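Asker: Residue numbers (the working numbering), protein chains in the order written: chain A, 1 to 544; chain B, 1001 to 1174; chain C, 2001 to 2407.
Hints are not guaranteed to be accurate.
[As the list claims (entries may be wrong)] When the alpha-carbon atoms are kept at most 30 angstroms apart in a straight line, the in silico DSSO-like pairs for lysine-lysine are as follows:
1. A:K311 to B:K1037
2. A:K277 to A:K470
3. A:K470 to A:K327
4. C:K2125 to A:K289
5. B:K1120 to A:K412
6. A:K24 to A:K5
7. A:K327 to A:K472
8. A:K472 to B:K1133
9. A:K319 to B:K1063
10. A:K311 to B:K1056
11. B:K1120 to A:K311
12. A:K5 to B:K1037
13. A:K176 to C:K2375
14. A:K319 to B:K1061
15. A:K289 to A:K277
16. A:K374 to A:K272
17. A:K203 to A:K470
FYI, nobody ran anything at the bench for these hints, they're computed from the structure. Small disclaimer: the values here were computed from a predicted structure and weren't measured.
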Amino acid sequence: MDVRKCECGHTNPVGTMLCESCGKPVDFQESGQPEQAAFPDMRYEGMARRSQTYSRTIIDRIWNFFSSVKIAIALILITLIASAVGTIFPQQDYIPVPVSTEADIARFYGETYGKIGEIYYALGFHNLYSSWWFKTLLVFIGTSLVICSLDRVIPLYKALSRPRLNQHLSFLKGQKLYGNSPEEASIDPAAALPAAADFLARKGYRLFREENALLAEKARFSRWGPYINHIGLIIFLFGVLLRSIPGFYLDQFVWVREGQTVSIPETPYYVKNVAYKTEYWDESEMPEKLNLNGGAIPKTYQTDAVLYVNKNADLPGAKPELAEVAKGPILVNHPMIYEDLAIYQSGVKEMELGALNFAVLDRKAGNKQVGSLKLDLYAPQTEQQVAEGITVRVLDYFPDFVMGNDGKPATKTNQPNNPMFALEIASAEGVKEKLVYVSGTVISDSKDPRYALEVKMPDFIDISGLMVRKDKAVPVIYFGALIFMVGVVMGTYWQHRRIWVQWENGRLHLAGHTNKNWFGLRKEMELLIAKMNWPVTLVQKGKS
Amino acid sequence: MNTTKRTSIRVAILGVLLIAFVFALYTSFVKDPHQVKAGNAAPNFSLPQLNGTPMKLSDLKGKAVVLNFWGSWCEPCKAEMPALQKQYETNKDKGLVVVGVNIGETPVAVQSFIEQYGAKFPILLDRDLQITKLYRIGPIPTTFFIDREGEIEEIYIGQMTDAIIAQKVAQILE
Amino acid sequence: MITISNWLLNAAFILYVCSSILFVVAVTGKQWSGRDPREHERRFGGLAYILAVIGFLSHAGYIVTRWIASGHSPTSNMFEFMAFLDFCIIFAYLILYRIYRLTVLGAFVIPLGILMLGYAYVFPKEATPLIPALQSYWLQIHVTTAALGEGILSVGFAAGLMYLVRTVPQQGKSRANLWLEIVLSVVLMLVGFIVLDSTFSRLDQNTVFQLPTQQMTNTGQVVNQQVTYTLPAIVAPAGATIVKQGPMNPLMEAPTWMEGKDAARKLNTMIWSILSGLVLYGGLRLLVRKRLGAALQRTVEGIEPELLDEISYRAIAIGYPVFTLGALIFAMIWAEEAWGRFWGWDPKETWAFIVWLFYSAYLHLRLSRGWVGEKSAWMSVIGFVIILITLVVVNLVIAGLHSYAGV
Chain A
1 MDVRKCECGH
11 TNPVGTMLCE
21 SCGKPVDFQE
31 SGQPEQAAFP
41 DMRYEGMARR
51 SQTYSRTIID
61 RIWNFFSSVK
71 IAIALILITL
81 IASAVGTIFP
91 QQDYIPVPVS
101 TEADIARFYG
111 ETYGKIGEIY
121 YALGFHNLYS
131 SWWFKTLLVF
141 IGTSLVICSL
151 DRVIPLYKAL
161 SRPRLNQHLS
171 FLKGQKLYGN
181 SPEEASIDPA
191 AALPAAADFL
201 ARKGYRLFRE
211 ENALLAEKAR
221 FSRWGPYINH
231 IGLIIFLFGV
241 LLRSIPGFYL
251 DQFVWVREGQ
261 TVSIPETPYY
271 VKNVAYKTEY
281 WDESEMPEKL
291 NLNGGAIPKT
301 YQTDAVLYVN
311 KNADLPGAKP
321 ELAEVAKGPI
331 LVNHPMIYED
341 LAIYQSGVKE
351 MELGALNFAV
361 LDRKAGNKQV
371 GSLKLDLYAP
381 QTEQQVAEGI
391 TVRVLDYFPD
401 FVMGNDGKPA
411 TKTNQPNNPM
421 FALEIASAEG
431 VKEKLVYVSG
441 TVISDSKDPR
451 YALEVKMPDF
461 IDISGLMVRK
471 DKAVPVIYFG
481 ALIFMVGVVM
491 GTYWQHRRIW
501 VQWENGRLHL
511 AGHTNKNWFG
521 LRKEMELLIA
531 KMNWPVTLVQ
541 KGKS
Chain B
1001 MNTTKRTSIR
1011 VAILGVLLIA
1021 FVFALYTSFV
1031 KDPHQVKAGN
1041 AAPNFSLPQL
1051 NGTPMKLSDL
1061 KGKAVVLNFW
1071 GSWCEPCKAE
1081 MPALQKQYET
1091 NKDKGLVVVG
1101 VNIGETPVAV
1111 QSFIEQYGAK
1121 FPILLDRDLQ
1131 ITKLYRIGPI
1141 PTTFFIDREG
1151 EIEEIYIGQM
1161 TDAIIAQKVA
1171 QILE
Chain C
2001 MITISNWLLN
2011 AAFILYVCSS
2021 ILFVVAVTGK
2031 QWSGRDPREH
2041 ERRFGGLAYI
2051 LAVIGFLSHA
2061 GYIVTRWIAS
2071 GHSPTSNMFE
2081 FMAFLDFCII
2091 FAYLILYRIY
2101 RLTVLGAFVI
2111 PLGILMLGYA
2121 YVFPKEATPL
2131 IPALQSYWLQ
2141 IHVTTAALGE
2151 GILSVGFAAG
2161 LMYLVRTVPQ
2171 QGKSRANLWL
2181 EIVLSVVLML
2191 VGFIVLDSTF
2201 SRLDQNTVFQ
2211 LPTQQMTNTG
2221 QVVNQQVTYT
2231 LPAIVAPAGA
2241 TIVKQGPMNP
2251 LMEAPTWMEG
2261 KDAARKLNTM
2271 IWSILSGLVL
2281 YGGLRLLVRK
2291 RLGAALQRTV
2301 EGIEPELLDE
2311 ISYRAIAIGY
2321 PVFTLGALIF
2331 AMIWAEEAWG
2341 RFWGWDPKET
2351 WAFIVWLFYS
2361 AYLHLRLSRG
2371 WVGEKSAWMS
2381 VIGFVIILIT
2391 LVVVNLVIAG
2401 LHSYAGV
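Turn these sequences into a full structure, and let the hints steer you where they fit.
Answerer: Here you go:
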C-alpha cells in the first residue's frame, strides 16, 4: 500500500490530508500555496476516504461513482425535478373518470389537456412514480446512501476515536477559530491549563490532557447523526421494496349495497354492509353561523359492517361458508382492523334505486288496492303472489333501459339506473295481462285492463365504497423513519465542539472547531478567555 | 486491507444492491403477479348455472372449453352469441363445451336474454363479479380458449366471428 | 368566542405592524444626528421586540380561543392554516432572536409575518365544523408540526435574504442584484395582491360571469356555471357573458386552453398582482432613487455577513427535522390511517417531498461541497419559493386530496 510519511514519523495512507497523528497538513509543503489557503477541510478530519484510494477494477469504478456526494446531489435534484413534472397533470390514479383501457387513458389526457397532455401521456408521465426510470432513480439514491456512508464512516470513526491531542501548530493555526498570546505574556502553563480544564469540564466538555496540551470535546456523537439518518433511509427504502413481494401488500376496493355481502378479491374474506349513513353537522353544533346556501357539511360517513372469513375459499365462486370475525362501524379515519387487514370507508353512492314499489289496483272494484308489489332491482323474483289468487311474473328486466339499434329493448349497463320491467299479472279467475314499467309509468297492453299498477315511492339504498388494504411492510417503514429522525436530530440539534489549548514556543495557542454554530463556540471560547484573563484575541476566518 | 478482500466486500455489497435494483425494475414491469396468462392453467372456480346447480371448471377436465365472459348490455357480446352457439352445436360431440359467464346480472335478465339469442350452452352467473375479477376481465367480450389439460391456449378480447371461433376451437380440440 | 378570537388576531396584526415600524426605525435611525447609535438600536429594538412578543401572545390567544370555540385546532382551512403558519414564523423568530440577539432580524422577519397574516385574511374566515376526512387527532399533530417546520425554514429564508442584501454589491449591474430586485418585486406583488383583494372584497365591486359550460347542482338540475370576480375584470373567461357588471369592462378573453371554472379568475388575479407589484416597485424606486436592494442594504450595514449566513443555516438545520417529522412522517402515519396507504403521490404529498429533497440537497451542498455564503443564501430563497408553491400554488392550482383545505 502506498503511504506518506509525516515528519512526526507517522505513516499515513495515500489521500490523507491531515496527518493522522500530529495533524500537520500532509501535502502543503508540496503544494507551495500559502499555509492558510492550503489547510484542508476538517469535514472528515482530513482522513483518506477509501474510494479515492483505488480505481483499478470496474467494481472500484462503480463504487467510486456512487461514493461521490456530487453524484448523490445530482440524483436528489433529478428526482426533485421528475417529481415536480409528475404533478403538472394528475397521475393516472387520480384522473376523475373511471377508465379501463389504455386507449381511454390516452384519450383522457389528450382531450383534457390538449397537445401537451398527449405528450405527457406519450412520455409516460401519467404513471411517473411507478415508472422503471423513477424506480431506478430511487434505487440509485439508495445505493449512493449505502456507499457514501460506508466510505466515510469508517475513516471518520478511526479519526474521532483517537482524539487529536497535542497537534502540530499548523493544525491549530489552520482552524477557523484561532488565537494566541504574545510571547512575553505572563502565563504559567502549569496553572493555566488545569484552570481552563476545570472551566471547560464544568461546561460539560470531555477532557484529554497532556503536559502542555489540552483538548476539550463535546457532543462527538452528533458526528454520527448523518450516518444514522442514512441508515434510517436505507431501512425505509428497503421497506418500500418489501411491499412488492407478493403477500406483503394488498389493495382492493369493493362497492357494497346495504344488506349485501360481497367477497373481497384475493382474500378469503367477505364483508357485509349492514347499514350506511351520512350525518350532517347540526347548526347548533357549529361554532358560528354559516351561510351555506342550503347546503350542509357532512359530519360522518359510516358503514356498519360485518367481516366474515370464508372457510370454503379454496374454490373461488363456490358457495361460501361464512364465519363472522369482526363487526362494527367503519368511519373515515377509523378503519376496521382485523389481523393485518384494514377496511376503510372510502366512498358512497347515496339514494340509489333499490326496489320499485307498486300498489296493485283492481279497476273492476273501483280502483281498490288489492295488494302491493315490490321489485328488487338487484334480485327481482321471477314470480310473486301479491294477493289471494293474484300473481305477478317478471317476463323481462332491463336494469338500464335503452332502445336498441334493432328496435328491441336493451340495457346500457348492468346497473339499475333506468329500470324497465315487462310483467304479467295473472289471477285465479283466468285473467292474464301484460304490463310494462318504464321511466316512472306503467303501460298495459290490454285496452281495458282488469288490474293496474300505481307507482309508489321506491326504496332507496346507499352503496358504500370500502377500500381494503394490507401492508405488512409498514412497521419496517415506520422504523426506518424513526431511525432517520433520531439521526437527523442528533446531527442538527447538537454540535461537535472541540477546543484546543496548547502551550508551545512560549505562547499559549487557542483553537476551536465545530461543525455548526460557530457563533456559540466563539462565545464559549471568548468566555473562557475572559475568565482566564488571557491576553488572547480570537480570529474567525472567513471560510470554513 | 488487501486488494482481494476489498474487492470481494465491494462485490458483495454491490451484488445486494443489484438484486434490489433488478427486483424494483421487475415490479415496475410486472404489476400484477396473478395475471391470468395464455400458457398457464386456467384458475379453477365454481359458479351456479342459470338453473341453480353449481358447475366447477375442473368438472370439465378432458374437454376443451370456450369460456366466454359477457353481459347483456354489450353489443358485441350479443353479436357473437349465435356464432358461439353454432360452434357449440357442431363440436359438442368432439368434446367441446362453451361456457358463458354472465357478469353481475340478475337471473331474470339473463334468462330473457338467453331466450332471445338462443344460447343453449351452459350459462354461469357471476353475481358478485368474483370470477370476473379473478380472471382480470377488462373490456368484454373476453373469451378464454382452454385445452383438454385445462391450460389456457389463447385469450381473445373483442367480438369474434364464426371463422375465428372455428379456428381456435380446432386448436384446443387437438 | 369567535369574536374574541378574531379580535385577538386583529390585535396581533396591528402589534406586528407597530413592531416592524419600530424595528425599521431602530436599524435605520442609527445615523440620525445627535444619537448614540448603539443606545438608539437598543431602545427601539427592545421596544419593537416587546411589541412583537405581545403580538405573539395575542396571536396565541387567538389560537386558543378559536380552538376552544370550534373544538379543533385552527388548521382546517386556508385562512386558519396561513394564520397558524404565521404564528410559527413569529415563534421561530423569537427563538432565533433569543439565540443571536440580532435586532435587524426582526426588521425582516416581522414584515414577512405581516405579509403571511395579510395573505390569510384574503381567505374566508368562517370557523367551519370538520368534514369527516379531517376528524382525526392527526390533523392537529400533522398540520401544526408541518407548519412549525415551514415557519422555521421561512426564518432561514429571511436571514438568507438579509445575507444577500448585505453582500450583493450594489455598484454597477450584475446578475446577482438583478435577481435580488426580482425577488423583492415578487414580494411586492404579494403585497399588492393582498391590498387589492382585501380592499375590493370590502368595496363589494364583484363582477359575475356566466360561463358557456354547465354543471349539475346538488338537486340534480343542470345550470350554467357562474364565476364571481372580486377584483375588476381585465380578463374574462372565454365565451362568457357578464351577468353583473363590475367597475370596468374586461379588456380581453382568457385563452381557450385554460380549462376549469376558475382558471380565468386566477389569471385575472395574477395579472392584477403583477401590475400592482410593479407599480409598488416603481413607486418605491422613485421614492428612494436607487435599487431597492441598495436601499435595504443600509439596514444591514455593519452586520457580519457570516453571522447572517450562520443564522440562515441554523434556522434551516433546526427546521429541517421538524419539517420532515410533520410534513412527511406524521403525514404518512395519518395517510396510512385515513386512506390505507402511507404514500400516494398526491400533488401535496409530492411537493412536500420536493421541499424535503431540496433542503436535503441544501444540506449536502453545504456540508460536503462547501456551499456557504451567497450560494447557500440563494438556496434558502429558492427553498422558500418551493414552500410557497407547496402551500399555495398546489392548493389553488393543482387539485388533489388536500384541496378541501383550499378555497
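Asker: None of the hints should be skipped; say for each whether it holds.
Answerer: Quick rundown of the hints versus the structure:
1. A:K311 to B:K1037: Measuring from Cα to Cα gives roughly 28 angstroms; hence the hint holds.
2. A:K277 to A:K470: 25 angstroms, holds
3. A:K470 to A:K327: 18 angstroms, holds
4. C:K2125 to A:K289: 12 angstroms, holds
5. B:K1120 to A:K412: OK: K1120 (chain B) and K412 (chain A) at ~24 angstroms, within 30 angstroms.
6. A:K24 to A:K5: 11 angstroms, holds
7. A:K327 to A:K472: Measuring from Cα to Cα gives roughly 22 angstroms; hence the hint holds.
8. A:K472 to B:K1133: 23 angstroms, holds
9. A:K319 to B:K1063: Roughly 24 angstroms between the alpha carbons, so the hint for K319 (chain A) and K1063 (chain B) holds.
10. A:K311 to B:K1056: It holds: about 18 angstroms lies between the C-alpha atoms, which stays within 30 angstroms.
11. B:K1120 to A:K311: Violated. K1120 (chain B) to K311 (chain A) sits at ~34 angstroms, over the 30 angstroms cutoff.
12. A:K5 to B:K1037: Distance ~67 angstroms between K5 (chain A) and K1037 (chain B) Cα, so the pair is violated.
13. A:K176 to C:K2375: Cα-Cα ~20 angstroms, so holds.
14. A:K319 to B:K1061: 21 angstroms, holds
15. A:K289 to A:K277: Holds, because 25 angstroms separates the two Cα atoms, which is no more than 30 angstroms.
16. A:K374 to A:K272: Distance of about 23 angstroms is within 30 angstroms: holds.
17. A:K203 to A:K470: 52 angstroms, violated
Consistency with the previously given hints fails for numbers 11, 12 and 17, ordered from lowest to highest.
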